[in-house]
Structure formats: C-alpha cells, structure tokens
Amino acid sequence: MPPNLTPAGPDNDRGPPSATSPRHQDDVITPVRESHGLMSEKVERRSTEKAEDREEVSGHDTGSDGRRSGRRSSDNDTSNRNNHRWRGYVKRDGKLRPFRLLKEDFGNFRLRYLSDWTVFNQLVLASAVYVFFTNILPGITFASDLYVLTGESWGTIEVVFSTGLCGIIFALFSAQPLTILGVTGPFSVLAENIYTLCENSFKIPFLPFMAWSLIHSGWMHFLLAIFNAHDYTMQYVTDFSADIFSLLNSVIYFHKAIRELQRTKAAVSLAAFLYSIIGAAGTCLLAIALSTAVSWKPLFHRYIRMGLTEYAAAISIVFFIGMPYVGDLATLDHNRLEVSKSFRPSSPSREYFFVEFWKLPIGWIFIAIIPGIIITVLFYFDHEISSIICTAKRYGTQKPGGYAWDVMLLGITTIMCGILGIPPANGLLPQAPLHSESLMYTVYEDPPPVDEEAEEEGPGEGPPAKPVQRVHEQRYSAFLQAAGILLFVSPPFQHVLGFTPTSVLAGLFMFMGFQSLSVNPILTRIWHLLTPISELPALPHGASWMGIHCYTIAQIVLTGIVFGVTLTVAAPGFPIIIIILVPVRLFFMNKIWSRQTLRYVDGWATREGKPEDDESDRRREGLVASSINLAFARLLLEKGCSVMIGDLALRPEARKLIEQYPHPQTGSNTSNNKNNSYRPSALFQETNVASWPSLSRLWSSALSSFPQIDIVVPGAGLFEPAWSSFWHPPKTESNPDSESRDTADAEPGTYAVLDVNLTHPIRLSQLAIGYWTQEGKGGCLVHVSSIAGHAAGIGSPLYIASKHGLHGFVRCMAGMRDRLGIRCSAVAPGAVMTPMWSEDPGKKHMTQGEGVELFLEPEEVARGMLELCENPEYGNGTILEVSKGATRVVPLYRAEPPSGVGVVLPRLAENAEKVWKKLESPGLKI
1 MPPNLTPAGP DNDRGPPSAT SPRHQDDVIT PVRESHGLMS EKVERRSTEK
51 AEDREEVSGH DTGSDGRRSG RRSSDNDTSN RNNHRWRGYV KRDGKLRPFR
101 LLKEDFGNFR LRYLSDWTVF NQLVLASAVY VFFTNILPGI TFASDLYVLT
151 GESWGTIEVV FSTGLCGIIF ALFSAQPLTI LGVTGPFSVL AENIYTLCEN
201 SFKIPFLPFM AWSLIHSGWM HFLLAIFNAH DYTMQYVTDF SADIFSLLNS
251 VIYFHKAIRE LQRTKAAVSL AAFLYSIIGA AGTCLLAIAL STAVSWKPLF
301 HRYIRMGLTE YAAAISIVFF IGMPYVGDLA TLDHNRLEVS KSFRPSSPSR
351 EYFFVEFWKL PIGWIFIAII PGIIITVLFY FDHEISSIIC TAKRYGTQKP
401 GGYAWDVMLL GITTIMCGIL GIPPANGLLP QAPLHSESLM YTVYEDPPPV
451 DEEAEEEGPG EGPPAKPVQR VHEQRYSAFL QAAGILLFVS PPFQHVLGFT
501 PTSVLAGLFM FMGFQSLSVN PILTRIWHLL TPISELPALP HGASWMGIHC
551 YTIAQIVLTG IVFGVTLTVA APGFPIIIII LVPVRLFFMN KIWSRQTLRY
601 VDGWATREGK PEDDESDRRR EGLVASSINL AFARLLLEKG CSVMIGDLAL
651 RPEARKLIEQ YPHPQTGSNT SNNKNNSYRP SALFQETNVA SWPSLSRLWS
701 SALSSFPQID IVVPGAGLFE PAWSSFWHPP KTESNPDSES RDTADAEPGT
751 YAVLDVNLTH PIRLSQLAIG YWTQEGKGGC LVHVSSIAGH AAGIGSPLYI
801 ASKHGLHGFV RCMAGMRDRL GIRCSAVAPG AVMTPMWSED PGKKHMTQGE
851 GVELFLEPEE VARGMLELCE NPEYGNGTIL EVSKGATRVV PLYRAEPPSG
901 VGVVLPRLAE NAEKVWKKLE SPGLKI
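In the UniProt record's numbering, the protein residues as written are 1 to 926.
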C-alpha cells in the first residue's frame, strides 16, 4: 500500500505570521507505509545519510553520527562552513553539480509524460488552430525578410520546415510543452548580419559557416544544461532587462514592416506601392479591431465574438490576401512572397537539405565559435523567458517543467538545423503565453470558511465555490500546430503561400509589434510620462514620479541604443548588450535611483521578490524554502509518503514542492488507482487553522485524496506578534492606538496566538485520533512545540503558555502508543531560522547581526521529527528537545533546563528589558 499523509503544516509551528493577515498557518498530512507510521530500520538509515549529504552541501557539519554527535561551538561551525563552501558547489544539490537539474527534470518529465496525452477536448483543438495561425504567419514574414537578406539561402520553405520540425520535437520530448517554438525576429537580425560578414568581409560561404556557428551553440547549450545554468543565471534577471528585450522585439517588428514596404517600392509601380501601404495598414488595423471583438457586447452572439477575437489575425490576412484579386486591383504588379515549387531548398545552388559543413577551413571553424556564443546567449535568454512567462502564476500551471532538459533539447535541435541548412527555432515570446492563454479554463475549488456571523444568522447555502484559473497542460495543441505547419513544406501548400502579397506580411509585422508592445509595462509608464503629475496615482513612501519617469526614459534610450547596434556591423553582438544590462541594473542603478522607486518599478523576472529587498528579506527567501514543516514534508516525500499541505495561501516554496511531486490526474482518490507503480505526491488545501470548519474541510480533503492517513503534523504557529500579544491588549476606547487585532468585545474572547498554537493542534489531534480509533488503525501525531514549553520569559507570555499547554496535552496522550498503537509526541527545538522571525517586523531584528549563527536550521528539526516517527522508543508522550548538533528527551519530572547552542534567542534580554521599561512607564494600556 502506498504511503500517505494527513493535515499538518509545511512551516510548522515555526511558521511566521503573514504580513497581510492576522494568522499564518500551515498543516501537512502524510500517509506512510502499512507499518502505520513506522518505517524500517534500513529506510531510516538511508534517510540519515541523505540528510547528512544535504547538510554538508550547505556548509553545515553535524559530525559523523548526525544529530547525536554532541554540541559544537559556533567557531567550529564557522570553520566547517568555510571548509565545505567550495566543495558544496559540486556535491549533491550543489549549484555546479553536473547533471543535477537534468536528473530532476528527467524525473519530472517521466512522471508527467503519460498524463500529458490524456487531455484532449474542444478547447485544446481550438488552441491548436489559434497557435497555428499566430506561429506560421509571423514565420512567413521572417521568411520573406530572410530570403532577401541572406542571398536566397533561407526562404519560406526553410522557415516553415524548421518551425514545424522543431515544434514537433519539442511537443514530443520537451519537459514544458506549453512553450511554442519558431524562428524569431532577433535571430533573423543576427542571420542577416552574419550573411553580410560572410559575403562582404570573410569571403566564405554563408551556410557552412552558419552550420558551425549552430553546432558550437549546440554544445554550449549542453554545458549550460549539464552545469545547471538556470539556477545561477536567470534568477538574477529583472524586469528591467526583460522589458527592454520585449520592447526591442516590438521595435524590430515595426522596423521590418517599414523595410518590407521599402523593398516593395523598389520592385513595383507607384500604384501597386500605394496599394501596398493600404494593404499593410488595413491588415494591421483589421486584426487589431477584430482582436477586441469579445468586448463588442451586445453585438453578435458570444461565440461569434470569441471566434472573431481568436482568429483576428487569420481573418485579416485571408481578407487582404484576396483583395488584390478583386476588380482593377488584379491588374497591378503586386509583390508576392517567393516560395519553392518543390520540396527543395530556396537557393537555386542547393539541391538537398544538407550542408557540407566539414569543407569549411579549420580556421573559420574556430572563428565560428564567436557567433556561436552570441546565438547561445540569445537562445538561452529568449527560450528561458518564454518558458517562464507561459507558466506564470496567473495561468495556474500545476505540472513541473524542466528548464535544463529543454535547454539540452534546444541544443540538439540547433545542431540539427545547422546541419540541415535551415534557420534554428527557439521559444517565442508572444506565442508562448498566447498558447497558455488559449488553454485556460475555470474550475471551482472548495468555498472559503463560513464566518461566524453568517453561521449565527441560520442555515443557508453557504458561500459560493471559488473560481480558479487553470491551463490544460497537454501536448496535443503544440503537436497539432507544429504538424500543420510542417505540411506547408509540400508543393501544394507552398503554392498557396505564394499568393500572399508582401504588403500583408508588412501589416502582420505591425500587428505582432503592436501585440508585443501592448502588454509591455514600459508602454504604461510612457502614458504616465505624458500625464500631469496631479492626475497620477499616489506612490509608496520614498518613491517619486520623477524617478519613475527617468527610469522609463532610461529603458527607452537603452532600447534605442541596442536597436541602433542591430543596424550596424556590430549587430550580431546585440544579445551581449542585453546580458550586460543585468549587472548594470543590480550594481549601478541603485546608486542613481532610490530604493523605493526601484522596488516600485522593478522585480525579479523569474522568482518572487525584488533586488531592493533588504538583506533580511533576501535571506527570508532561503529560509521560507527551508521552514520546519516544509523540510519535514520533503523528507517524507523522499521516503515515498504523499503529503497534503494546509495554509492560508500556497507560498512559492511550497508550490515548487507540489510541482515537483504532482498528484495523479486520473482521480481524486488514490485508492482507486490500479497502477501498482505508486509515486508520492504533494497537495495543497487552503486552510485557516483558527477556524474549525476550515480544519474539517482540510481533513475531508485529505481523506478523499489518500487511501489512508498515517502521520498528522499540526504545524502552524505564531510567536506572539504585536497584533496578538499579552503586552498589546485589544483596542478599547481607552486604548485606541493598540496594534492588537484581537477583539476586546468578542464573544467569546480569544487570543489568536492561543487559537493557532494550542487550540488548533488539539482539534486536529481530535480529528486524527477519532479517525484512527474508528478505523482500528494506528497512527502518528507529531506536534511542533518549543523549548519555551519548559522555560519561562516575560517577553512572550502567551506563546510560552501555549507551548506549556501543548506539552501537557502531548504527555496526556502517552498511554495510547501501547494500548491503541497511536503515537503522540512533540519536537521542542530552540531558535530556528524560519519566516516566523524574518516576516514579523517586530522580531526580525533578532535575526540580524551578531548571534544569527546560533539559530538552528529547519532541516535539523525535521530530522528530529522523522526520528519521532521511526524510533520505536519514542511516541509515548515524548518531548524531543533539539539544539544545534544534539537532541535529548525531556523527562516528565525534574528536567534539566535547556542547554547547548541554539536554545536561547539572540537579544532575548533586550526584548525583556523593553517590556519592563514599558510597564514602568507609561504602564500597560488597557
């Protein structure tokens, strides 16, 4: 029987309060094996070895015998961290560990592949048709441009062949099939300039030199994938660079439209040229107008409006392709797209799709490394951004992707295109998010908790279910659109493409430029630039509109500079300039613009947060990903246990874990799954642990998702924040300035700290014990307490009281292990570096400066929790104290006080002194 979990929190009792809500909670539920929470000694030994490996990578050494190695001084800890720092880069989970991300991505690919072929419906088919038009039509425009500017080396058939072939390969074998591939505008600029250099300066054939450039680029992609480049490159890219790159794409589109009309002017009569201007403008304007048809209500039926919107570009193109054949327009000498009349290359000098690249002199082979580097930078940046945008949070994607895997696959297709003599394809920025947009649908999740006032009013239908946006994550739409494009390499379909006037392609260039520009935040800030200050919205404290306007002007100027470079002989190097903007943004712009202004306009492009977050905020990102319950959930998943996480909201670090361990899509109850190849999965349930109905929904969701529940970890907790503190009484008429969110006139009155820290674990334990006793099964309750449960201090009396109460509750459950097979215990760590500290404005100063090294790592506590599940000597009301590098069982009577590294909070005495001074003057306001 597969392992399973029950409700418990990912951040544990150590989870911090949310900055925007009165409570922070999370609970995790996990089933283990048939041993009802006990795992074999062999499994336990393997888990310990893995834990030690992880600790060594991060630079923390607990000794050869793990947690029981005894206490070490902070000097030794620092020395060990320095000794292991560089070794950690290549050890397990190290940033430079070869094949680390590829191995993870392959596991994700293997887990999701079959389910990607189980979803096919009308929306998927409509998406395939939609993406087909938005992909092939811009491709045709680039083909027209490339045909002229590469000396007929690449034309329509090469571009269509590359787009279709690479698209099919990625639809079948990529880790993220939502990404759409095609020949991009920036690459066409590169190709044009490389051709010019080959013809005018190098005096060598273009295609062999380009083939070697792409071969070099291919093996560079391999190195980026093997050495996990995604982890240490894209995480430093901000919206500043990404927005400039997007704006550059728009400018290139508009520029190509103008150049297309210029070439038409040189090739046709004045009358035909004037019509070309009309045709180009008409194609663009009609497509723009139809793209807004969904808002034409009440005109037409809803489905007609939706169809006009989805096929706006296709309708406009077909209309203006036909216009030159009507009436007197048919007599004009229109300039049309050059196509092949047979399945052979566009160039008259080529007979087959193969380049004799080995005939290039050896010197030029090595020189081709330079454009290979430039192509690699462009493709890597472009493809990664495309993949990130098409899986943005608003699309609700749930399956894991694989950046390293896709970069490796991109290297393979790049080499293949070079040898075939066709332009390489990579991720498309406009088309990839459009693909996700076209696959979106709405599902309804469980309703939010019913508030107490509504319940008092009497029975009713309750709140409506919550609509949530999701995307059909499958491979059919990408495969069908690529296969359709590949059909156009055949002579009959090539003949159809030959009817397309170049004026239509110019109009499509303008439409694509408009599409790209309309979603770029630079455009919004340009409108702000032209708006009077008095009409602009208010800004956060410290930010200024003058600073924002200067920031916008800087982006526009830099885009102009990069675009100007693309018009010179240095054009192949323009991607390098985009990359240089990354360190410029991080290390120089903060010396010109204020921190608050930069926080308002910019942020990380691929992860949560902003570069201007202070050091504690940046450290918090790492801490959140390692909070206690989340670390424990990772351990359980590694041991084959499925996990359910309950929290007010799904935090980014928990989302990554869920993406890594997706739940089967075949049904809601894994007990109905007849497939014996069980794989652990992680689920999320929105939960307010202070609400009993919400806890009941969490429990019901776990029962319906797993065949059984074996481990329950009530892990949400608060460390007496100012908004629920004994020293900050609830607001009253005589105490109007209190920071407390607890209500003075509530009936019954409660403290949030006690609700979350004590009442919630008792109620969740009640649900678990009731389930196990009714089912006649054993189980394992692991509570997350604190050394505060056998200590005292004036600074946080409510928190300490809640932990004393939790210890008493756990000890009262002691007899159940031997009589019922139900284990109940608690882990009592010292100070643990979790978001509970860094996210509380009143306490994060305790995590800064001297003494920070005294904090425990969440993984140390998680291993203690695992020991409570596995060690047969524990589980009988056990309180396991965890300090830095050591553990001990706290006896019921005559317990020695906590000792060792990490048992006392830094600056605890300072906090206590502040309380005493407050009590002495002006006193406690009530």
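You may find that some hints are simply not true.
What the hints assert, rightly or not - Listed next, the in silico DSS-like pairs over lysine-lysine satisfying Cα-Cα at most 30 Å (straight line):
no., residue 1, residue 2
1, Lys265, Lys359
2, Lys103, Lys917
3, Lys203, Lys103
4, Lys591, Lys656
5, Lys359, Lys341
6, Lys610, Lys591
Unchecked claim - Derived CB-CB ranges, DEER-like:
no., residue 1, residue 2, range
7, Glu437, Leu172, 52 to 62 Å
8, Ala554, Val326, 42 to 52 Å
9, Phe300, Pro532, 31 to 41 Å
10, Glu775, Asp818, 31 to 41 Å
Derived from the structure by calculation, the hints contain no laboratory data. Ideal Cβ placement from N, Cα and C applies to all residues, glycine included.
The hints, checked one at a time:
In summary, the hint linking lysine 265 to lysine 359 is not supported, as the alpha carbons are separated by about 40 Å, beyond the 30 Å threshold. A hinted pair counts as satisfied when its Cα atoms are at most 30 Å apart, and lysine 103 with lysine 917 does not qualify at roughly 57 Å. Taking the CA atoms of lysine 203 and lysine 103, the gap is about 44 Å. The hint is violated against a cut of 30 Å. Proposed proximity of lysine 591 and lysine 656 is contradicted: the alpha carbons are some 34 Å apart, above 30 Å.
Between lysine 359 and lysine 341 the alpha-carbon distance is near 29 Å, which keeps this suggested pair within the 30 Å criterion. Between the alpha carbons of lysine 610 and lysine 591 the distance comes to roughly 16 Å, so the proposed pair stays at or under 30 Å and holds. For the pair glutamate 437 and leucine 172, the supplied restraint of 52 to 62 Å is violated, since their beta-carbon distance comes to about 23 Å. The supplied range of 42 to 52 Å is met by alanine 554 and valine 326, whose beta-carbon atoms lie about 49 Å from each other.
At about 39 Å, the beta-carbon gap between phenylalanine 300 and proline 532 stays in the expected band of 31 to 41 Å. The hinted window of 31 to 41 Å between glutamate 775 and aspartate 818 is violated, with their beta carbons roughly 19 Å apart.
Checked against the numbered hints listed earlier, the structure breaks hints 1, 2, 3, 4, 7, 10; every other hint is satisfied.
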